[in-house]
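Asks: What follows is the residue order along each chain.
2 protein chains.
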Amino acid sequence: MNMSSIKRFSARDTNVLPSHFYNIKADLPTLPKPPLHPETRQPLNPQDLEPVFSKGFIAHEGSMERFVPIPDAVQEIFALYRPTPLIYATGLKKALGTPAHIFYKYEGAGPMGSHKSNTALMQAYLAARENIETLVTETGAGQWGSALAHAGALFGVKVKVFMVRVSYRQKPGRRILMEMFGASVEESPSPKTQSGARFYDQNPDHPGSLGIAISEALELAVKSPATRYSLGSVLDAVLMHQTVIGQEADLQMAAQGAEPDVVIGCVGGGSNFGGIAFPFVRKRLKEGRSIRFIAVEPEACPSLTQGELRYDHGDTAGLTPLLYMHTLGMDFVPAPIHAGGLRYHGMAPLVSHLASLGIIEPRVYPQEHIFEAGHLFFKAEGILPAPESSHAVAAAIDEALKAKNEGREKVILFNLSGHGLLDLNAYARNGNGSRNA
Amino acid sequence: MNMSSIKRFSARDTNVLPSHFYNIKADLPTLPKPPLHPETRQPLNPQDLEPVFSKGFIAHEGSMERFVPIPDAVQEIFALYRPTPLIYATGLKKALGTPAHIFYKYEGAGPMGSHKSNTALMQAYLAARENIETLVTETGAGQWGSALAHAGALFGVKVKVFMVRVSYRQKPGRRILMEMFGASVEESPSPKTQSGARFYDQNPDHPGSLGIAISEALELAVKSPATRYSLGSVLDAVLMHQTVIGQEADLQMAAQGAEPDVVIGCVGGGSNFGGIAFPFVRKRLKEGRSIRFIAVEPEACPSLTQGELRYDHGDTAGLTPLLYMHTLGMDFVPAPIHAGGLRYHGMAPLVSHLASLGIIEPRVYPQEHIFEAGHLFFKAEGILPAPESSHAVAAAIDEALKAKNEGREKVILFNLSGHGLLDLNAYARNGNGSRNA
Numbered sequence: 001m002n003m004s005s006i007k008r009f010s011a012r013d014t015n016v017l018p019s020h021f022y023n024i025k026a027d028l029p030t031l032p033k034p035p036l037h038p039e040t041r042q043p044l045n046p047q048d049l050e051p052v053f054s055k056g057f058i059a060h061e062g063s064m065e066r067f068v069p070i071p072d073a074v075q076e077i078f079a080l081y082r083p084t085p086l087i088y089a090t091g092l093k094k095a096l097g098t099p100a101h102i103f104y105k106y107e108g109a110g111p112m113g114s115h116k117s118n119t120a121l122m123q124a125y126l127a128a129r130e131n132i133e134t135l136v137t138e139t140g141a142g143q144w145g146s147a148l149a150h151a152g153a154l155f156g157v158k159v160k161v162f163m164v165r166v167s168y169r170q171k172p173g174r175r176i177l178m179e180m181f182g183a184s185v186e187e188s189p190s191p192k193t194q195s196g197a198r199f200y201d202q203n204p205d206h207p208g209s210l211g212i213a214i215s216e217a218l219e220l221a222v223k224s225p226a227t228r229y230s231l232g233s234v235l236d237a238v239l240m241h242q243t244v245i246g247q248e249a250d251l252q253m254a255a256q257g258a259e260p261d262v263v264i265g266c267v268g269g270g271s272n273f274g275g276i277a278f279p280f281v282r283k284r285l286k287e288g289r290s291i292r293f294i295a296v297e298p299e300a301c302p303s304l305t306q307g308e309l310r311y312d313h314g315d316t317a318g319l320t321p322l323l324y325m326h327t328l329g330m331d332f333v334p335a336p337i338h339a340g341g342l343r344y345h346g347m348a349p350l351v352s353h354l355a356s357l358g359i360i361e362p363r364v365y366p367q368e369h370i371f372e373a374g375h376l377f378f379k380a381e382g383i384l385p386a387p388e389s390s391h392a393v394a395a396a397i398d399e400a401l402k403a404k405n406e407g408r409e410k411v412i413l414f415n416l417s418g419h420g421l422l423d424l425n426a427y428a429r430n431g432n433g434s435r436n437a
Numbered sequence: 001m002n003m004s005s006i007k008r009f010s011a012r013d014t015n016v017l018p019s020h021f022y023n024i025k026a027d028l029p030t031l032p033k034p035p036l037h038p039e040t041r042q043p044l045n046p047q048d049l050e051p052v053f054s055k056g057f058i059a060h061e062g063s064m065e066r067f068v069p070i071p072d073a074v075q076e077i078f079a080l081y082r083p084t085p086l087i088y089a090t091g092l093k094k095a096l097g098t099p100a101h102i103f104y105k106y107e108g109a110g111p112m113g114s115h116k117s118n119t120a121l122m123q124a125y126l127a128a129r130e131n132i133e134t135l136v137t138e139t140g141a142g143q144w145g146s147a148l149a150h151a152g153a154l155f156g157v158k159v160k161v162f163m164v165r166v167s168y169r170q171k172p173g174r175r176i177l178m179e180m181f182g183a184s185v186e187e188s189p190s191p192k193t194q195s196g197a198r199f200y201d202q203n204p205d206h207p208g209s210l211g212i213a214i215s216e217a218l219e220l221a222v223k224s225p226a227t228r229y230s231l232g233s234v235l236d237a238v239l240m241h242q243t244v245i246g247q248e249a250d251l252q253m254a255a256q257g258a259e260p261d262v263v264i265g266c267v268g269g270g271s272n273f274g275g276i277a278f279p280f281v282r283k284r285l286k287e288g289r290s291i292r293f294i295a296v297e298p299e300a301c302p303s304l305t306q307g308e309l310r311y312d313h314g315d316t317a318g319l320t321p322l323l324y325m326h327t328l329g330m331d332f333v334p335a336p337i338h339a340g341g342l343r344y345h346g347m348a349p350l351v352s353h354l355a356s357l358g359i360i361e362p363r364v365y366p367q368e369h370i371f372e373a374g375h376l377f378f379k380a381e382g383i384l385p386a387p388e389s390s391h392a393v394a395a396a397i398d399e400a401l402k403a404k405n406e407g408r409e410k411v412i413l414f415n416l417s418g419h420g421l422l423d424l425n426a427y428a429r430n431g432n433g434s435r436n437a
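One line per chain: the protein sequences are A and B, in this order. Residues in the first sequence are numbered consecutively from 1, following this note's numbering. Residues in the second sequence are numbered consecutively from 1, following this note's numbering.
In case anyone wonders, no lab produced these hints; they're calculated from the structure. On a predicted model such as this, the values are computed, not experimentally measured, just so you know. Among the clues, some could well be false.
Any copy will do: because identical chains look the same in the list, a pair fits if it lies in one copy or spans two.
[What the hints assert, rightly or not] Quick list of in silico lysine-lysine cross-link-like pairs, DSSO-like style, CA-CA up to 30 Å:
hint, residue 1, residue 2
1, Lys-379, Lys-402
2, Lys-158, Lys-93
3, Lys-404, Lys-94
4, Lys-379, Lys-25
5, Lys-158, Lys-94
Work out the full structure, taking the sequences as your base and the hints as a guide.
Replies: Here it is, written out as structure tokens:
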């Protein structure tokens with residue numbers, strides 16, 4: 001065994017810690033169409049959002065500054081786990097016999113095991129600064145909910161989570177984590193909101209969807225004066241918060257004299273993809289680098305590849321503003337796949353826009369394929385990807401094999417957005433443990 | 001919230017990566033009594049162990065060198081995850097309102113989430129060098145088994161694991177991890193060995209113990225020519241392999257101008273404790289530093305506090321050499337507590353010896369107490385300890401509260417030997433999630 005070629009980056013090289021979020025809107029050739037008020041269908045005013053979000057969040061959402069400062073208090077907490085490691089995939093390269101250089105950014109090293117903490121900490125900080133008592137949100141696989149529960153506990157903000165039923169039942173671990181932080185967790189659809197009761201009353205075992213859970217959380221936020229809503233993906237501000245990932249990766253790769261030929265992420269709402277990709281999209285747009293971008297989605301929820309680009313609500317009850325995005329329709333309920341974080345009918349307007357500009361290449365994989373890829377990666381690298389992240393792994397493997405066929409030393413960067421230690425049953429059920437769990 | 005006092009060490013400051021293991025036997029005022037042959041009861045010859053262990057392992061076990069070199073190939077793999085972070089427990093300090101400075105070494109950042117990889121990688125490397133086809137072992141909670149399964153996959157050595165039944169059933173996650181690496185896992189006691197059948201035939205639901213599982217693994221190793229046995233704790237060599245933990249912690253603390261007043265670890269077989277403590281024991285023995293050492297064990301398996309110091313077998317069937325150690329008797333079967341890694345009737349001879357010299361202070365906690373401590377730590381620090389590690393957490397909290405009563409700025413160092421993400425059901429069942437899982 002020759003391990004002498006192992007290169008791994010300092011996970012704690014604080015020189016690469018960003019002081020600002022990167023706002024891609026400052027660099028786009030054209031802007032996406034603006035969100036519309038759900039009733040008037042006129043472009044939204046920032047004030048329209050005040051019953052829903054913290055003012056600080058609304059300011060981030062509307063900002064056109066290229067670089068938005070990260071508050072000191074948030075930078076200090078980021079420094080507890082950032083920069084996350086950039087890992088050269090020696091084991092995977094060997095397993096595939098590819099000349100490609102594969103790097104992955106390991107966001108699973110963050111608290112609660114995924115990239116979601118990056119925006120959760122920022123949003124909880126903003127809420128605390130405005131004395132907001134409770135943040136209410138939805139969660140699919142529970143990565144977002146547990147990240148917000150942790151962030152709320154740190155900043156003294158209560159957290160209430162509507163968890164999509166199929167994940168609530170498949171992934172009890174993340175529910176327990178949320179409750180251990182003192183968050184309250186409801187199975188969604190629940191009978192406790194009008195938006196939920198509409199489905200719950202027909203079928204108390206309804207698997208739920210992110211769209212329904214968003215409606216429930218929003219409904220509660222709007223009804224309760226000291227409560228605001230918090231969203232873990234889709235919105236411009238959330239994607240901007242995630243750009244710490246791509247900024248670090250850029251510096252970490254540059255320090256090795258490397259630059260990616262292709263950047264890969266999985267997409268549900270679009271935030272981990274936007275987080276790793278946007279700083280590199282800037283290099284393509286502003287510095288003329290020929291970098292490709294691949295966004296990978298599940299066959300069961302193919303919004304970018306099969307959805308229509310049009311105005312649609314972000315939720316099922318039609319409470320959110322109309323977003324101009326790739327959508328499968330607000331009523332679409334995806335099959336109960338294990339990648340619960342990707343079961344969203346729409347797509348971040350910024351990702352949709354970049355796809356429509358031809359900058360992002362969407363790709364779709366069936367569930368069996370991503371579990372195989374995740375298992376191969378695990379055996380080669382010793383890190384178990386979350387089922388969501390395994391979509392990115394699968395595309396990285398395919399790109400690496402293509403490079404092998406072409407005999408090219410392509411440089412591949414992908415976002416390993418979270419670990420799958422709380423998804424082991426999903427791997428076992430998909431034939432990668434030797435028996436069912 | 002004031003986070004400005006956060007200090008956290010570079011997890012990737014490669015200046016602190018040890019090149020050698022530290023062998024405490026070179027520095028002890030007196031040596032522990034030697035192991036005896038199980039049949040002749042005469043001091044063991046190294047050759048007696050050759051049917052059982054790799055020759056390289058036997059050489060480590062018998063070495064009297066103070067510093068034993070870590071092979072390059074193993075150093076390279078260690079460098080993928082070591083040095084592990086040394087974390088200043090800002091959140092815990094605040095939660096306790098203590099003037100104490102609490103540092104913890106986070107071994108859960110390693111592959112498979114615990115310290116066990118340190119010796120697993122070394123042992124798999126030694127086996128591969130001698131073309132040993134299969135390593136067979138036992139595991140309690142599964143941390144050791146998954147670490148060896150990973151190490152075996154890396155070095156091309158097959159791994160077979162007897163997993164204590166109570167853990168097999170409580171912690172399916174770690175079993176799935178082992179199987180995903182291609183290891184084969186048997187519930188112990190099993191009907192497949194004489195040592196197991198003795199218990200299995202009476203009761204197929206027998207909860208098992210580490211002592212029984214060791215007998216099963218040993219029996220299989222001795223019967224199969226290309227198979228050797230691998231042990232995850234207890235033996236001198238294993239404790240020596242773990243001293244990378246304490247050596248790093250010493251350098252990481254020294255770089256902050258800090259030195260511990262007290263060093264804490266949990267003890268089952270004794271390896272994570274020995275790993276963090278021994279380099280500091282050297283400072284006490286050789287440099288006259290007044291450092292205390294606290295070894296924490298579960299009430300259900302109190303070998304150091306209630307056991308007798310005498311020769312006893314390391315397993316239940318009497319196949320192992322006689323070790324001079326604190327023991328509850330080779331037939332002792334501990335209650336099925338969740339800290340499966342601590343359910344061992346004996347104690348590392350080196351830890352037993354240091355306890356008999358008054359250098360180590362043993363301490364015992366009941367299960368409810370350690371789950372409370374683990375939950376408090378989780379809320380304060382955002383890292384969920386394995387139930388085993390929560391024993392160390394509980395003692396660190398008690399020492400910090402004592403410092404508060406005394407108004408002393410005591411410096412506490414403890415080993416957070418593993419994360420508890422695969423033990424969430426145990427936390428939920430012990431009342432720290434809001435309902436049962």
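Asks: The structure should be examined with respect to each hint, and the outcome stated for every one.
Replies: Going through the hints against the structure:
no. : hint                : verdict
1   : Lys-379 <-> Lys-402 : within (21 Å within a copy, 46 Å between copies)
2   : Lys-158 <-> Lys-93  : between (45 Å within a copy, 22 Å between copies)
3   : Lys-404 <-> Lys-94  : within (12 Å within a copy, 53 Å between copies)
4   : Lys-379 <-> Lys-25  : neither (40 Å within a copy, 37 Å between copies)
5   : Lys-158 <-> Lys-94  : between (47 Å within a copy, 19 Å between copies)
Figure legend: structure checked against the earlier numbered hints; the only hint not met is number 4.
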